[in-house]
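A.B. asks: Respectively, the protein sequence lines represent chains A and B. Per my numbering, residue 1 is the first one in the first sequence, and the count goes up by one each step. Per my numbering, residue 1001 is the first one in the second sequence, and the count goes up by one each step.
Worth flagging that the hints you see were computed from the coordinates, not collected in a lab. Idealized CB from N, CA, C, for every residue including glycine. This list has only true hints and no planted wrong ones.
Listed next, with one range per pair, are the computed distances between beta-carbon atoms: (1) A/R34 - B/G1093: 39 to 47 Å; (2) A/L391 - B/Y1382: 18 to 26 Å; (3) A/G80 - B/Y1382: 52 to 60 Å; (4) B/P1310 - A/V95: 55 to 63 Å; (5) A/P150 - B/R1005: 18 to 26 Å; (6) B/A1327 - A/W374: 47 to 55 Å; (7) B/Y1382 - A/L231: 50 to 58 Å; (8) A/I381 - B/Y1382: 29 to 37 Å; (9) A/P150 - B/P1119: 38 to 46 Å; (10) B/L1395 - A/F383: 18 to 26 Å; (11) A/F383 - B/D1191: 30 to 38 Å; (12) B/P1265 - A/V95: 49 to 57 Å; (13) A/P119 - B/A1327: 44 to 52 Å.
Derived coverage of chain B by chain A (criterion: at least 3 residues anywhere in the stretch with Cβ under 8 Å from a Cβ of chain A; other residues may be distant): (14) 1031-1038; (15) 1049-1056; (16) 1127-1135; (17) 1139-1146; (18) 1183-1189; (19) 1388-1400.
Residue-level listing of the chains:
Protein chains: 2
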Amino acid sequence: MGEHRVVVVGAGFGGLEFTRAMGGAPVAVTMIDRRNHHLFQPLLYQVATTSLATSEIAWPVRHLLRGRKDVTTLLGTVTGIDAAGRQVLLEGGGVVPYDTLVIATGARHAYFGHDEWEPFAPGLKTLEDATTIRRRILLAFEKAEREQDPERRQALLTLVVIGGGPTGVELAGTIAELARDTLRGEFRNIDTRETKVVLVEAGDRLLSAFDQKHSAYAKQALERLGVTVELGKPVSQVTADGVAFGGAFLPARTTIWAAGVAASPAAQWLGAAADRAGRVIVEPDLSVPGHSDIFVIGDTASVKRPDGRPVPGVAPAAKQQGRHVAAILRARLAGRAGPGPFAYRHDGDLATIGKRAAVIDFGWLKLTGWPAWWLWGVAHIYFLIGFRNRLAVSLSWLWIYVTGQRSARLITQGDGDSAT
Amino acid sequence: MGEHRVVVVGAGFGGLEFTRAMGGAPVAVTMIDRRNHHLFQPLLYQVATTSLATSEIAWPVRHLLRGRKDVTTLLGTVTGIDAAGRQVLLEGGGVVPYDTLVIATGARHAYFGHDEWEPFAPGLKTLEDATTIRRRILLAFEKAEREQDPERRQALLTLVVIGGGPTGVELAGTIAELARDTLRGEFRNIDTRETKVVLVEAGDRLLSAFDQKHSAYAKQALERLGVTVELGKPVSQVTADGVAFGGAFLPARTTIWAAGVAASPAAQWLGAAADRAGRVIVEPDLSVPGHSDIFVIGDTASVKRPDGRPVPGVAPAAKQQGRHVAAILRARLAGRAGPGPFAYRHDGDLATIGKRAAVIDFGWLKLTGWPAWWLWGVAHIYFLIGFRNRLAVSLSWLWIYVTGQRSARLITQGDGDSAT
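Sequences and hints are given; from them, build the entire structure.
C.D. replies: Now the structure itself:
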């Protein structure tokens, strides 16, 4: 017979780490993704705010896997899974048979039942999301420069970020710096320092997964950057003209959604039980109930920590799960006992606020301010893939740090507001 | 009264050089472009072939002009010119009044009366063109990897470039290198060295504006890279399935147009006489007949050399014209005699063939091969704008040179074949 065929759907952190950890095992791996690149999502907000270019945080999957002769990379969109027949179904009619299947298809943004808000408040999950947001932010300033009416101009110079988690905090801080520092002096009819950046959070503090002191620190750091932080204010309405929250309506022509995610359609493909966000409820060993040959990992899986809390949708969690499934499969193939149930180990939390402040909470190590920002930078550069990319991103950050100038300020895809 | 108001339409080489040369003159300048960035077009083919990222060859116009307090930059699309009322008409209803107007709106691709070919054979004039071509090239290999039928697979692995001028030669050579070197080893079902790159030229030699010996050199260098060069073969048909030339039909799923350009609509805006490619026929001082307050420069102007040959549509010509018009205007404002008619000074021609060969013909200096490539590289880096960009592009090229790896291999804007 042939080798054990493993199919991995999704080339994000979970899928890639699983594939890496299978190196040398007696398997033939097929990696399928609907995009040709692996995306370093933690830095996506920097593309959206012109600090980094798209090619600095995304790398072709087949290039990353080129040294693995046991791995075939396919560009394809999965439309379903035939679990009885053990094959993955692709758009256009292709099928990919498997002996073991690993689903790592991630998350997308969710609007709490208000999908009609999406055109007015794009989320930040893909490269196209990032360049769309970038285009809207830059266009707002361009339009304001030409706008004679003071009220319309003020609405153009008002940007709202919805959601006070790490993504929202990072976006709000960087947009404020972009307006205040990078763009200052480039306009003649407007003063970009009059830009109003508003971060709206429904809960009572920012960074709710962090320590209370860090939530307070982040709020102060944002306010020092000129950001208006609105806590305890759930959003009730989002339109092309602005956002309603806390009983008032704020005219704003640019709104960004960082408030909710939902899982990929994996649960539907499998007909499996899912939680409220659509994540597949998996067994303790990350397999699908009733299908010991199918594993689901990363943001699209619902996994619990030993204390019952959900495992967060962060990169380290996806990577740990990828390694765990690889260990299970290698044990099976070798006929030995496996590693047992998955136990998430939470390393810590990190978030930046602009380019001079950050919060890091590793439990044993808590840092804020300047030292935290440098450690954050070093850690992210370390986790980037490839020497050239580490060099490129380091240079980009060094340039921003020293000169305040951001080098990826392109409005592409025409000047319209089309989403792609 | 106020200062003399100058309006410049177009932030390409001509418009920017004119603006630069007006520094310190008693004028208020308004620069209008429908894009927010200045594009370094000579390197656009490198974005299309994944060697450079978009942000390495395009820079925000208002950033380039930030130090000029006399210059206001506006993002806007011109729809017409009211020459009697002396104002520029913008999409959306804005008007920009002028005392002197400089039109530098460049060229776009033209299909010799076959506009229906455009969806199947995109040209290369804007950043979106470059990323569209890049996406199609990369998708062709991705689809070939999944294609079972040998004939369809061969059509996917056949790429045609139409037009044997510098752009076509540069594209064909770099695509061949991309397939042969960069992508080799990354696919499991196809061997990218079997890619067929065909360069089709209607005339009897490549680089018809260059010396005969250079045309022959370029053909040999391309053939050494594995490119098939078809001379004396005008194209008669372009479809989604392939190209017809020289009495035969070649099945090819990726075709790129580098064979013809036409001017922007400036002549229509002005109701002025134009040549066959739509270029405005200007006076010897580059003004529009009957409108001494309107100048047209660059690719959108039809200008003759002293010997009667047309001035080529190259960056140095646009820059020389920009400087000439600035000299005329400064003389007028100071009440002295102007510099007289414009006289184009042809510095020379340059083209690269892959990363190890090039042709340079400066008249007094003719180079081919490796030394030409290095000089070409140094010259282009010199003409880039800004230290950071020179550093970034130098690093990108050094990386490609040493490792063969190209770092901008992203398929963005989804996986479809939509043009934007």
